[in-house]
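Protein chains in written order, with my numbering: chain A, 1 to 217; chain B, 1 to 459.
Fair warning: there could be bad hints in the mix.
To be verified - Within a straight-line C-alpha distance of at most 25 Å, the following computed BS3-like cross-link-like pairs (lysine-lysine) qualify:
1) B:LYS280 <-> A:LYS14
2) A:LYS198 <-> B:LYS160
3) B:LYS280 <-> A:LYS175
4) B:LYS146 <-> A:LYS198
5) A:LYS7 <-> B:LYS349
6) A:LYS14 <-> B:LYS53
7) A:LYS175 <-> B:LYS244
8) A:LYS198 <-> B:LYS27
9) A:LYS208 <-> A:LYS116
10) B:LYS280 <-> A:LYS88
11) B:LYS80 <-> A:LYS7
12) B:LYS280 <-> A:LYS116
13) B:LYS390 <-> B:LYS9
Stated by the list, open to error - Sample of chain A residues facing chain B (criterion: CB under 7 Å; computed from the structure):
14) PHE9
15) PHE59
16) SER101
17) ARG103
18) ASN183
19) GLY189
20) GLY206
Source of the hints: derived by calculation from the structure; they are not laboratory data.
Small disclaimer: the values here were computed from a predicted structure and weren't measured.
Just so it is clear, CB atoms sit at the ideal spot from N, CA and C, and this is done for glycine as well.
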Amino acid sequence: MEDDREKIFGAIRKGLREQSRIVAQRNPRSPLLSPMSADFDSKFSRFSSELARVGGETFVSNDLKPLLDSVLNRTHAESNIFVYDEIKEISPTGISSLAESRRVAYSSDLSVGYDKREVAVFDSVIAPCVACIAETGTIVFHTEARLPAALCTRLFVVAPAKSLVATLDEIFQEKFSSFQGSNLFFITGPSRTADIEKELVTGVHGPKEVLVLFYRA
Amino acid sequence: MGLQSRNFKELYKKQIRKPTLRTNLSKATLQAVDSRSQSFESIDFDFLQNQAKAIKEETISSLNEYLSQYQDAAEHNRCKVFFAQSAEKARAYVLDVARSHNVHTIVKSKSMVTEELDLVPFLENYGIEAIETDLGEYIVQLAGEKPSHITTPAIHKSRKEIAELFHDKLGSALNPDPPFLTAEARRVLRNKFLSAEMGISGANFLIAETGDAVIVENEGNARLSTSAVKVHVIVTGIEKIIPKFNDLRIFMRVLGRSSTGQKMTSYVSLIRGPRSAFEKDGPEEVHVVLVDNGRSSLLGTQHQEVLHCIRCGACLNVCPVYRNIGGHAYGSVYPGPIGSLVTPLYFGKDNAPDLPFASSLCGNCTEVCPVGIRIHHHLLSLRRDVVRLKKSRLQDFVFRSYRKAMLRPGRYELIGRLGGVLGRAGLLKAVTKGWTRDRELPDFPVKSFRSIYKTGKKS
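The whole structure should be built from the sequences, with the hints applied where relevant.
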C-alpha cells in the first residue's frame, strides 16, 4: 500500500514555511533538588528506599545466597523457576542446589522462536540486569528472551554492584543509546494499576514481587 | 462510535445527572493531584518544564527533518515505517498487515491514537478479535464504552459497577474488591496474550536519533503486547518525535509524575526493532504507522504549541469542569482542557464548537502542563474563532450596546436604572431563562451602588 509521506511532508513544509528553525538550549545540570553521593552505599540506600516505596525489595551480598534463600522461601516444590544462563555462570553450585528442590529451566533450553506457552509455566524467574538507577529504584534489562521475566509472578534480579548508577542522566547517554538488539527494558517495582477507584493493586499482568540482589563480588 | 462533540450540551447535561459520576471523579482526580504534587517535591519542575518545552519547540519547528531522521533510523533497525494522512489510511494499513499474516487475535495496549482512529471496532468489523489489555481499557471495552480519561480510562466507574460488569460478561463472582477484579482480568487476558498473533501499541515518544519507540506503562500489558506476538504494530502521531536519546532524561522525569504521580512508571520499553539474531523471542516484524489526521494543519498557526502535548492527563485532573462532567461529556476521545483544544483543532471547529467554552479559564491546566502549553490562552483564542464562525446578530447587538454603555457613564447609569425597573417588575426572567435554570437571579436593589455612593459622599 502506498503511503502518504510526501503529502504529509508537503503539509508540514507549507505550515512551517515562515518559521525559522529553533534549537533548544539543553542544560545538562541535574534537576534533582538534593544531589546524590557517588559512593555505592549512598546509591544503594536511595535505590532500596525508592524500590521499597513501590513494593520491591533489595539485598546486598558477596554471593547469591540471600537471593536463593528468598527464592526457596517464596516458592514450593511444585514451582517452576526460569534461570537466565548468566546467573548460572555466577553461581553454578548455588543454582545446582536450587535445582535439587525445585523445577529449574535455563535460557539456553529455549530455542529461537520458541512457543510462548512453554514459558508461561514459570512462576519465578531469576534474571540478570545491565543497570540499576538509584534515583527511581529502576532496573534496566537487556536479555536474550523477554517473555519469561514479563509473564512470571516473582522476579528475582541479580545486579552487579558496579551496575548501580545514581541518576537517569547516566542512563540516557551515548553508552546506553548504542545497545544492540531489539529492546531495552526498564522495570520499577511490581506491575501495578490504580484503574479501579484509584486503589493500588499489584501483579496486574507482570510480576507481583520484585527482588533485587546487588552482587558485590 | 465517532466524534460526538457537536452534542456537547446534551452530553454534559446527561453526564452531570449521573449520581455517582461526580463522586468517583472527585475522589480519583483529587488523589491524582495530590500524588502529582508529592512526586515533584524533590525535583525542579520549572527547570524540567522549560527544558521539555524547548525540546518540543525545536522538534516541531523542524518536524520534517526529525521525521525523516526517525524514518531512516527506524528502517535501519528493520522497522517498516508507514505514513498515513488520514484515519482511513491508517486503519487500512493495519488491516492489511493483519490480513497478510492471517491474524485472528490482536492484543492491544492503551493508545489514544488508536482510539482516535476507532481502530478496534474497525478490525472487529473484519472478523479480527482485538482485545484491549490495559485494565481500564478492558473495562470500558467490556462495557461497550469509550475511555473517559487519557490515563485512567475507567475513572467514571465505581468498583461496584465493574463487579457487575465482570459478573455479566465474564461470569465472575460478584465481588467488588479491586484485587479480585484485577486477578480476574489477568486470568482472562493471559490466555489472550498466549494466543494472539499480533500486538498493537501506541508510543509515548519516537527518538529521531536512534529510531526507538518509547512505551510507558504500569501494568505490563504493553510489554506483553509487544513481546508475545509475531507482529507488532506501533500506531502513533507524527508529533511524538523527540530529537535525541538524551532528551529522555527530561521526559521520563515529567511523564510519570504528571500522569500518575510516580517518579517512574513501572515499565518503560524502548523498542528498537524486530527480534535480532541473538534473541530468542520478540516480534519478527515491527511496523510503525505515523498518523497525521489533522495534526499538520496546526503548523504555522497560533495553536502550533498544542502539538507539544505528551498526553499525560495532568490538565484533566486539575480542571473543575472535567471534575464535574467527566470525559464522556466531551464526545471525543480527547477530553478535558487539552481535549477541548485538540478536538476542534484536529477534527474541525465546526465539529466541536462548544468545547472551547468547557473551561472556567482558571489556568490550572496551564500551570501543571509539563511541556508548558498555555492551554487556557488557546481556549480563549479558540472561543474567538468559534464566535467568528457562528456570528449571531443578537449577540453582536448586545456586545455593541454594552461597549457603547461602558464608554459613556450617563448611558451606563440609564441602562442600570432601566434594568433595575425591569428586573424588579420580573420582566427579565424570560431573557435570563437559560442562565437561571440552575441558579437564582439576585434581587434587583432599589438603589444602585452609584446612587448610594453619591448619597454617602454628600453626607
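Hints and how they fare:
no. : hint                  : in the structure
1   : B:LYS280 <-> A:LYS14  : violated, 45 Å
2   : A:LYS198 <-> B:LYS160 : holds, 14 Å
3   : B:LYS280 <-> A:LYS175 : holds, 24 Å
4   : B:LYS146 <-> A:LYS198 : holds, 19 Å
5   : A:LYS7 <-> B:LYS349   : holds, 23 Å
6   : A:LYS14 <-> B:LYS53   : holds, 23 Å
7   : A:LYS175 <-> B:LYS244 : holds, 13 Å
8   : A:LYS198 <-> B:LYS27  : holds, 8 Å
9   : A:LYS208 <-> A:LYS116 : holds, 20 Å
10  : B:LYS280 <-> A:LYS88  : holds, 18 Å
11  : B:LYS80 <-> A:LYS7    : holds, 18 Å
12  : B:LYS280 <-> A:LYS116 : holds, 11 Å
13  : B:LYS390 <-> B:LYS9   : holds, 16 Å
14  : PHE9                  : holds, 6 Å
15  : PHE59                 : violated, 21 Å
16  : SER101                : violated, 27 Å
17  : ARG103                : violated, 20 Å
18  : ASN183                : holds, 5 Å
19  : GLY189                : holds, 6 Å
20  : GLY206                : holds, 3 Å
When held up to the earlier numbered hints, the structure conflicts with 1, 15, 16, 17 and fits the remainder.
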